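Sequences listed follow chains B and U, in order.
The end of the first sequence is residue 709 by the working numbering, with every number in the run present.
The end of the second sequence is residue 94 by the working numbering, with every number in the run present.
All the given hints hold, so there is nothing to weed out.
To spell it out: a stretch of chain B is covered by chain U in this simulated footprint if at least three of its residues, at any positions, have a beta carbon under 8 Å from a beta carbon of chain U; those stretches are:
| id | segment |
| --- | --- |
| 1 | 115 to 123 |
| 2 | 264 to 271 |
| 3 | 603 to 609 |
DEER-style ranges, computed between Cβ atoms:
| id | chain 1 | residue 1 | chain 2 | residue 2 | range |
| --- | --- | --- | --- | --- | --- |
| 4 | B | 598 | U | 69 | 20 to 30 Å |
| 5 | B | 594 | U | 69 | 34 to 44 Å |
| 6 | U | 68 | B | 152 | 38 to 48 Å |
| 7 | B | 437 | U | 90 | 46 to 56 Å |
| 8 | U | 62 | B | 631 | 40 to 50 Å |
| 9 | U | 90 | B | 651 | 44 to 54 Å |
| 10 | U | 62 | B | 560 | 50 to 60 Å |
| 11 | B | 651 | U | 79 | 26 to 36 Å |
| 12 | B | 560 | U | 79 | 45 to 55 Å |
| 13 | B | 563 | U | 93 | 29 to 39 Å |
| 14 | U | 76 | B | 621 | 21 to 31 Å |
| 15 | B | 549 | U | 69 | 55 to 65 Å |
| 16 | U | 69 | B | 152 | 31 to 41 Å |
Don't read these hints as lab results, they were simulated from the structure.
These numbers were taken from a predicted model, which means no experiment stands behind them.
All residues carry an ideal CB built from backbone N, CA and C; glycine is no exception.
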Amino acid sequence: MSELFALTHSPQILSAVGVTFSVADWIVILFYFTGIVFLGIWFGKFTHTTSDFFFGGQRFPWWLIAISCIATLVGSYSFIQYSEVGFNFGMASLVPYTNEWFVMPLFLLGWLPIVYFGRLQSVPEYFEKRFDRRTRLMVLVMLLIYLEGYIGINLLTIGRIMDGLFDYGPLVGFASGHGLFGYPVVETAALMAVLSGLYLHSGGQTSVLMTDLFQGGLLLVAGLSVVILGIYQLGGWTPFWEGLPATHQQPFAPVDNGGRLHAIGLFWSDGITGTFAFFFINQGILMRFLSAKSVQDGRRAMLLTVFVLMPLVAVAVGGAGWIGRSMLSAGIAEVNGVAADDIFVKVADIVCGTAGLFGLVVAAMIAALMSTLDTLITAVSAIFVVDIWKLFRPDRPDAYYLKTARFVAVGATVLGIALVPLFDSFESIFRALSHFNSLITPPLVIVLTLGIIWPRFTARAAFATLSLGFVLLFLSLWIPQLIQPVAHGVPLAYSATIVSPDSGTRDTVIVYGHSLEEATIAAQTKLNDEDKANWNLNEVSVNSHRSFSFMRSLYGLIVCSLIGIGVTVFAPGKRAQTEGLVLSSIADAAFRYKGGKPNDKAPYASVTGSFETFVCEENRINIPAFVMSELHAEPGDLMYVSDARWWLGGFRSLRIEAVQGECDKIQISSTAVEAGNLLANRPIRIEKIM
Amino acid sequence: MDHPTLAFLYQYGIGGTLFFASLFLAFQTGAIRWDNLKNRILVVSMTLGLLLFAATHAAWTFYLAR
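Can you build the whole structure from these sequences, using the hints too?
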């Protein structure tokens, strides 16, 4: 026994960044993987229809949706990216997770009820109903690029992380960093994709939501543990806080920070465009909210997410960077010279003294990948089946579409793996991601916003905004001066070519300046700072692709707004469809969704009790008059019937139309019992949805 | 003006305008009604959430500036 204990605690250095793994860490990772895959496959047994596969049967409560949202929000790159920001800029790393409030009214009061009551299954579907088919197709193409790009970037990031952590080449007789086939990043990414795909292929959204519950919890626990242990190791809050430079203690990034991360760029690119893209346009997130048992639960889920969970996540993913910076001030040698993008792994390794704990942190990073990846893959699958396949193969049985969805999920995974080498060729994936986002999302943001709030906004205006907006945004990649008038004084990026006088080696450094002279001085200063004062500065020129990474979003929002409003006012074309699709017609949408006037009396009433089953081929519930009265319900109201154990998270539940029965006890048809996975011997809870 | 205060004013000035303009639009178009209990709770929760975050950021910025 003592030998086993010694073995599990024996360190094995297998990593490129010099972190220490013990056998216990490996065991924790293996257990985690096995557990989550089996859990996902088990929940997959309860997927019967495309509605279950894509939307989990619209039966999940708010708290489950919120946790699942967090698991999706935290990608595999989040720990690495935000710890890097925390290390370089301090508390400003909290901003991206605490600036969602500004678009919340539009989401909760406009977009969510529109898609939910409109029974929309995909984002492009809205664009066809509200505008026309060509607008839908354009949006469809952009969305698929957006989602597949994200799949590729997530896989690349986890590939890089895992490749850095597990240098398995020497274990199988190859050189360090060789992997099995000479491309370890792609190999590891592919392995991760296969593991995620295993349960996704089987279960779809039900599996995703249920496994996210565990993944989201693990993400928070592991990230927060690293921060708490780090503060403890530094000697408490005061030494930790005082170890941070004054600029790192500020809650916002500097307003004027050269071309580096700055508060105004972060507000427009992340707070407005990024948040809008994530919650409104990301099909994966939309599907989360469509899985909610009611609009009310979707709204509660969002409030819990932005009010409580996102601030916690902000600390969990960025805190290691603060700890690393404070450790540097405290003179802890192990963090000396560690690259900012390795700081999370290094700090986690330092603070996780107990064998197995570091394994848990690595498992959390894997959880981040799997939970984000599965969402993106189901999203691609949903868009493909709903927006493309059903157009070419209409009126087929549900089982046919379900089978197609599963195959598309596999295809999306394979395509994502194929994109890994492409993204791997970028110098920095995050810079690429920033450009990618700012190019794609502003036209979608404006068309969707105007579409929701302005009934006059026409199909012609929407199409013009999308197409011209994309053209002008792409143009700004080559002519960054287009962005300059709205750049709030942010300088242009310049590439400076430098040559070593000794070896003749050429290199390029990126600097920022308002003029060529200023950029040249900045380049010379940078060379001096990097002990390359004797290198020759050959050429300094504008780097158009690197300029205004954070301000391109604002430029896109402004030009797209001008196009949309201008075309609507001066050349509107045919009036577009608005019924149930704009703010002013949400009440009509709710009426149509229910098939009658929504019943808003006693909105929070519920009844718990037992039920009896009767044989019937329809989904049917007979509710005694006294129960109807207690719920302030009327025949025809939409009810939510679930197992009384709340912690099952709606897993055993269904939504059903109320029928007042001449009975003393609640009666549920055998078909409904089966559809809701209800257990005959367990009490149920009934609540009125609308 | 020091940059943290400016960043705070910029974020909550423009963001707050967008927030309250959206709320105003929702009421004006009838998307929500004040006499509906669920709507009322939602609007109050959202507004309190925004104000709480703004207050926390303001207090933090003020504490460091003193």
